[in-house]
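Undergrad: The listed protein sequences derive, respectively, from chains A and B. Just so we're aligned, residue 1 is where the first sequence starts under the working numbering, counting upward by one. Just so we're aligned, residue 1 is where the second sequence starts under the working numbering, counting upward by one.
Hints listed in this document are in silico derivations from the structure and should not be mistaken for laboratory results. There's no promise every hint is true.
Derived lysine to aspartate or glutamate pairs resembling EDC-like cross-links, with alpha carbons at most 20 Å apart [said to hold, decoys possible]:
1. B:K193 / A:D112
2. A:K258 / B:E289
3. B:K198 / A:E163
4. B:K268 / A:E251
5. B:K149 / A:E215
6. B:K66 / B:E46
7. B:K112 / A:E106
8. B:K69 / B:D184
9. B:K250 / A:E184
10. B:K218 / B:D297
11. A:K257 / B:E289
12. B:K112 / A:E215
13. B:K218 / B:D313
14. B:K33 / B:E128
15. B:K193 / B:E53
16. A:K243 / B:E299
17. A:K255 / B:D307
18. B:K15 / B:D49
19. B:K182 / B:D84
20. A:K88 / A:E247
21. B:K15 / B:E170
22. B:K237 / B:D209
23. B:K331 / A:E250
24. B:K323 / A:E247
25. A:K107 / A:E55
26. A:K51 / A:D112
Calculated from the model, a selection of chain A residues having no Cβ within reach of chain B, i.e. all distances over 12 Å [claimed, not checked]:
27. F82
28. S85
29. T189
30. E200
31. L201
32. D208
33. E213
34. A260
We put the beta carbon where it would ideally sit given N, CA and C, even for glycine.
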Amino acid sequence: MQIIVLLKQVPDTDEVKMDEKTGTMIREGLQAIINPLDLHALEEALRLKEKTGGEVIVVSMGPPQTEEALREAIAMGADSAFLLSDKKLAGADTWATSKALSKAIEKIKDFDLILAGEKATDGETGQVGPEVAAMLDIPFSTYVNRIIEITNDGLIVSRVVEEGYEEQFLPFPCLLTVVKDINEPRMPTLKGKVKARRAELNLLKANDLGLAESEMGLKGSPTRVVKISYPKVSRNTRIYTSKNLDEALEELIGKLKKMALI
Amino acid sequence: MGLDILVVGEVRNSKIHSVTYELTSKARELAEKLKSSVEVLLLYSECDDSLEELIYRGADRVLYVKNDKLSLFNQEVWTNIIVDVALKRKPYIMLTGATSSGRTFFPAVAAKLNTGLTADCTGLDIEEETKLLLQTRPAIGGNVMATIKTPNHKPQMATVRPRTFRPLPENKDRKGEIIELKPDEKLFNSRVKVISFKRDETQNVNIQDADVVVAFGKGIKKPENVKYILELADVLKAAVGASRAAVDAKWISYPHQVGLSGKVVSPKLYIAAGISGAVQHIAGMQTSEYIVAINKDSEAPIFKVADFGIVGDLFEVIPELTKRIRQEIEKPGGKKDEV
Ligand SMILES: Cc1cc2nc3c(=O)[nH]c(=O)nc-3n(C[C@H](O)[C@H](O)[C@H](O)COP(=O)(O)OP(=O)(O)OC[C@H]3O[C@@H](n4cnc5c(N)ncnc54)[C@H](O)[C@@H]3O)c2cc1C
Ligand SMILES: Nc1ncnc2c1ncn2[C@@H]1O[C@H](COP(=O)(O)O)[C@@H](O)[C@H]1O
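Please build the complete structure, drawing on both the sequences and the hints.
TA: The structure is reproduced here in structure tokens:
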């Protein structure tokens, strides 16, 4: 099976510190990591390859340092990597990101399956997967927590929704976005790391995509961020200790009654 | 071009999902500013609720597609039909709930319509000078609010978190139209085949729709102790949430996880027991209306976002709270008598 994994580099929110005064995240000096859910997408791709043979190709759009993320993916077991990096692509929203990625995928041509994370921890939109699928006009599914069966012509998957689990069949080629529950990603091996260091990455530039300038990057993005504000959730916290638990619970129950919850 | 707003509603278990009323209410407010009208689109095979109700609560026109092939959600069929309706009616703005289905078909619809889409909005307004939709959403784990515009593309599209807006009160004097749409049969054909839907047997899993969420973390210590949380959830008729640490420990299944890599919830009441309050957890619950934290560590960051905190042992606090709530409910004139 030929599998493409969409992988994004994001700031490591695990190391995030809060600015006590403004209540915002301090983003400076954060390390860049592979979007955690994309590791699950990659892991699933590697497992499918182990079962059926074929190749795993990772594709990422981002600044030049995204190269590190792609090498890490190779160290985990990916066969090859495409890096889409160009100033002209900078500032892309989900539409422009999906447009660029789908054009890059058309270049790679032969694939049976595309795997992506359900969402990225920075943008948190979860839109790129479905948008890429729509632009490539292939069937897709989201919130996939298990690939139940691989048949000759497609996949049976389970997706997790608000009230339970849905089972769907998707014919190849198709795209899935996965949730964390699907697997436990492996660690890179020593051998993999050696291979990754030597690997040739395939570099793609904006001009390789056959897109008009008006379809790329910030310029090509239908949406614009026009304002950023910092909400200060000022909650008037009332703190009790279990020494006066009686009083605390009395007040709490009063509040719940007032809110008509009991 | 018109300035109409199209709300894509949701029918779940043959009922109009509350997010539909919430969006209709907000759309009404926006339509007043635009001097335009609100259309609500529903796709279903069966609906027990009266569609008039949507008119009483702000819609000018209810468009519905009723077809047996819509009994189980199929992203491809939904996308086909919604794109078709959008191309015909040319809405100025399109809104849907940021539910698992809305977050699935709306990006595909936006891609097919070649327009932008803002995910998970918590605020919507009309900019006076330009008449453009201002879409506000939390970014970077809810620490920043970003306001986004779609200046040159139509429709302007957004998914909106359930429970963000309040439905309008019912006004039976409101008049409107109910129109059945009959899309081309071929739009119901799909490459994706929906095989089955299995409801999660645990009744308390739907944390995004619940008024009350009782959540626990690593502080619960062992799986046997989850019962204290379930008992409290039971008396409060609450859904049960959990931190990632609790889910990773396999004390409860992943659909219960609240936070950056789980679900974002915004109930009226969120009780966090034995949860430290890591940024990634807070990102998923800080917009709750009232937050109660129970933790034995007075320095736990969860207290920073709480309205009400008890520094203490949850094994002492939770059973006592459960007991007292039960007493309260069973009192004459308590909630139990209302039903
Ligand atoms: C990319 C990424 C994504 C993540 N996404 C999520 C996410 O979606 N959701 C999420 O929750 N986390 C997420 N995390 C993990 C997050 O960083 C924390 O590790 C996690 O939330 C901690 O869970 P916890 O509060 O249950 O455990 P801990 O941090 O171990 O806290 C346990 C708390 O229980 C208290 N306690 C112990 N015993 C008692 C007692 N008897 N009575 C009262 N209190 C007691 C302790 O004081 C402590 O504060 C993510 C991390 C990363 C890196
Ligand atoms: N710049 C990118 N390069 C490669 N893949 C991406 C990029 N942006 C998003 N993706 C993929 O799309 C998923 C959802 O991202 P998002 O829509 O930004 O939440 C991610 O988990 C990735 O798999």
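Undergrad: Now look at each hint and say whether the structure bears it out.
TA: Hint check results:
no.: 1; hint: B:K193 / A:D112; result: holds, 17 Å
no.: 2; hint: A:K258 / B:E289; result: holds, 13 Å
no.: 3; hint: B:K198 / A:E163; result: holds, 8 Å
no.: 4; hint: B:K268 / A:E251; result: holds, 17 Å
no.: 5; hint: B:K149 / A:E215; result: holds, 17 Å
no.: 6; hint: B:K66 / B:E46; result: holds, 7 Å
no.: 7; hint: B:K112 / A:E106; result: holds, 17 Å
no.: 8; hint: B:K69 / B:D184; result: holds, 13 Å
no.: 9; hint: B:K250 / A:E184; result: holds, 13 Å
no.: 10; hint: B:K218 / B:D297; result: holds, 13 Å
no.: 11; hint: A:K257 / B:E289; result: holds, 15 Å
no.: 12; hint: B:K112 / A:E215; result: holds, 15 Å
no.: 13; hint: B:K218 / B:D313; result: holds, 13 Å
no.: 14; hint: B:K33 / B:E128; result: holds, 8 Å
no.: 15; hint: B:K193 / B:E53; result: violated, 33 Å
no.: 16; hint: A:K243 / B:E299; result: holds, 17 Å
no.: 17; hint: A:K255 / B:D307; result: holds, 11 Å
no.: 18; hint: B:K15 / B:D49; result: holds, 6 Å
no.: 19; hint: B:K182 / B:D84; result: holds, 11 Å
no.: 20; hint: A:K88 / A:E247; result: violated, 62 Å
no.: 21; hint: B:K15 / B:E170; result: holds, 17 Å
no.: 22; hint: B:K237 / B:D209; result: holds, 12 Å
no.: 23; hint: B:K331 / A:E250; result: holds, 15 Å
no.: 24; hint: B:K323 / A:E247; result: holds, 15 Å
no.: 25; hint: A:K107 / A:E55; result: holds, 16 Å
no.: 26; hint: A:K51 / A:D112; result: holds, 14 Å
no.: 27; hint: F82; result: holds, 21 Å
no.: 28; hint: S85; result: holds, 23 Å
no.: 29; hint: T189; result: holds, 24 Å
no.: 30; hint: E200; result: holds, 32 Å
no.: 31; hint: L201; result: holds, 28 Å
no.: 32; hint: D208; result: holds, 21 Å
no.: 33; hint: E213; result: holds, 15 Å
no.: 34; hint: A260; result: violated, 9 Å
Taken one by one, the earlier hints fail for this structure at numbers 15, 20, 34, listed in ascending order.
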